[in-house]
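Those protein sequence lines, which keep their order, are chains S and G.
If you're matching positions, the first sequence starts at 1 in the numbering used here and goes up one per residue.
If you're matching positions, the second sequence starts at 1 in the numbering used here and goes up one per residue.
Hints were generated in silico from the structure; no laboratory data involved.
Treat the numbers as computed from the prediction; the structure is a model and nothing was measured.
Any given hint could be a false lead.
Listed next, the stretches of chain G that the computed footprint assigns to chain S, with coverage defined by at least 3 CB atoms under 8 Å from CB atoms of chain S [unchecked claim]: (1) 43–54; (2) 143–155; (3) 247–256.
Backbone N, C-alpha and C define an ideal beta-carbon position, used for all residues, glycine too.
The residues making up each chain are set out below.
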Amino acid sequence: MKKTTFLLIILAMVLLPATMAFAAGTKDDGVERHAFIFKNTGNPYGDKQMQGFADGIEEMGFEAITRAPDQPTAEAQIQIIEQLIAQKVDSISITGNDFDALQPALRKAMDAGIAILSADSAVNPESRITHINQADSEMIGRTLIQAAYDMAEGAGEIAVLSATSQASNQNLWIEWMKKELDENSGKYANLKLVRIAYGDDLRDKSVSETEGLLQSFPNLEVIIAPTTVGIAAAGRVITDRGLIGQIDVTGLGLPSEMAEYIENGSCPYMFLWNPIDVGYLTAYAAVAASRGELTGAAGEFFSAGRLGEFSVVKASDGGTEVLLGAPFKFEPSNIGEWKSVY
Amino acid sequence: MPEKPLNQRKFLQPEQLRELGLLLFILAIGLAVQLRNPVFLSISNITSLFTNTAILGILAVGMMLVLVTRGIDLSIGAIIAFTGMVTALTVARFPGLPPFVAILEGIIIGMVFGALSGILVARLDVLPIIATLGMMNVVRGLTYVVSGGQWVSSYQMSDGFKAIATGKLFGINNLIVIAIVVYIVAAYYIRHTRVGRRIYAVGSNPEAAEISGLPRRRLIFLAYLIMGGLSGLAGVLWVAKFASAQGNTAIGYELNVIAACILGGVSISGGVGRIFGLILGTVLLGILNNALPLINVSPFWQMGIQGLVILAAVITNVLVRRNTERDALRRRAI
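Kindly produce the complete structure, drawing on both the sequences and the hints.
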């Protein structure tokens, strides 16, 4: 008798979570659910991206789930993927914290019939249908060198202040910067890239690295920082030291962070894409993919609501991607209206 | 009388000997960097070195007091983020707020969190590492809640507020001035006041302190309260310096502060720690942060070099201590 009660309790303990998971899974009232996972919480850029995704999904009449872990790690994202698999969502779009480490979790989701896309920061081609990229990496790299050329008036020393030395998007942009310099060696004969410094997207380290650049290269003309913490730190140092006009800062940054430095002249202009649009485009791609209308083959077309038609193209990592478009230029004339947006 | 000359030869205390070792180590590092990049010892670079190290130095004073009581405080990075965020939001809402009030606001908020940690550790006897780890997560979470995940950017802050970190007093950057004041007050407090001496007594031998009637719990509470207040101050200075408040500000910064303390000879097992050693430890970390960008090493090596230098300094410490201890034993044998 005691043995049976014991067995029953064990059985109940085993079944209870299972039925709960089952209940969670079958909470399907016919509404499609699409999920978006960003790198980490508390990042205004990511919030805008998730907001754009939710706007797109809800516009089509579906339910959007936006999630982000506390820490920007692959492990934390894997946990969220596992939860979403249990919830049986229709698609997962992810801004990857690691190119390869998410593969097992994402393959598991694919096997469960969930459409997987990456957005903004890619995961490897084996674990995604396609990647939604902000802007063409080639265009970003080349544009930034052209901006530096313009600011240095054709001649002088320039330096790059990046995030971490391991950030794949940063490194790709820097590659294209170097390529732009090499391929047009005639035009850029007097433009010299003297150093690539890494501020690790930390305020204090980015400031130290900027100061290191100023100390080591007294003739520096332009600092290119393709990361928002870096470009704002560089703007801050230039402003503090009264070097406005002598050294120019450009790169990629949030308009809110850069408003002061664009207005005071330490950064004549800089670029960024619209994260709301990245999220919105991802929403339409995710829905098309979950229905099998988008398989991720190069040459496919799909429509993305107010943004119009998009096509899938080959990506440099061997997979395919969808490009949002050219980066947007922020300058003194338009920064006022953008600084309160994101 | 063979003992006498041996005794006379020991004109330095063991701690002083260790500090001398660290000082020589710092000079060696400085010389090596100087040879590699002659800009290192220029006035403008030294100024930026000390400006960038001031916040670390201020925090190290509080951490030393906590370590002396055999505690540790892991919540300070989160407190910096929270107080920085709240003062930044206040300044954004009320641009006319005098900077002095913003600083006061930060210190008070920091002290509230410090008091909470202090109650957990001193009254409820929670292990310091667990109590402050819990506080770290709570406060970091609160930072995201009050900010709604948004950042406060430079254009939202008044010039007066940013001048807290960029302004100068007698030609010296405010951050350095504030750090110097904190160090002078701390040095006086530790050496010449009863409370200061008692904190050390509690740390070096809690049982003896309790038996001699020292208010052990109240002293430990006080150490966390001071640490909280200094973290709050550091939070305001951090945000004013970088002109941006974000949820993940100073994440993991507590480890830098603890490292500065340990390099400076503060013992994790309590009771030991001197202001001069603390200054050396802070300056060594500051030099590493300042010099690595100057000597053009690959970023892959930067972290490794930083770790190696810290290890070398600690090993020097250990060797010096072992030597002096052996010396003491040998003397006893005679």
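Results of checking the hints against the structure:
no., hint, verdict
1, 43–54, "holds (count 4)"
2, 143–155, "holds (count 9)"
3, 247–256, "holds (count 3)"
The structure shown violates none of the earlier numbered hints.
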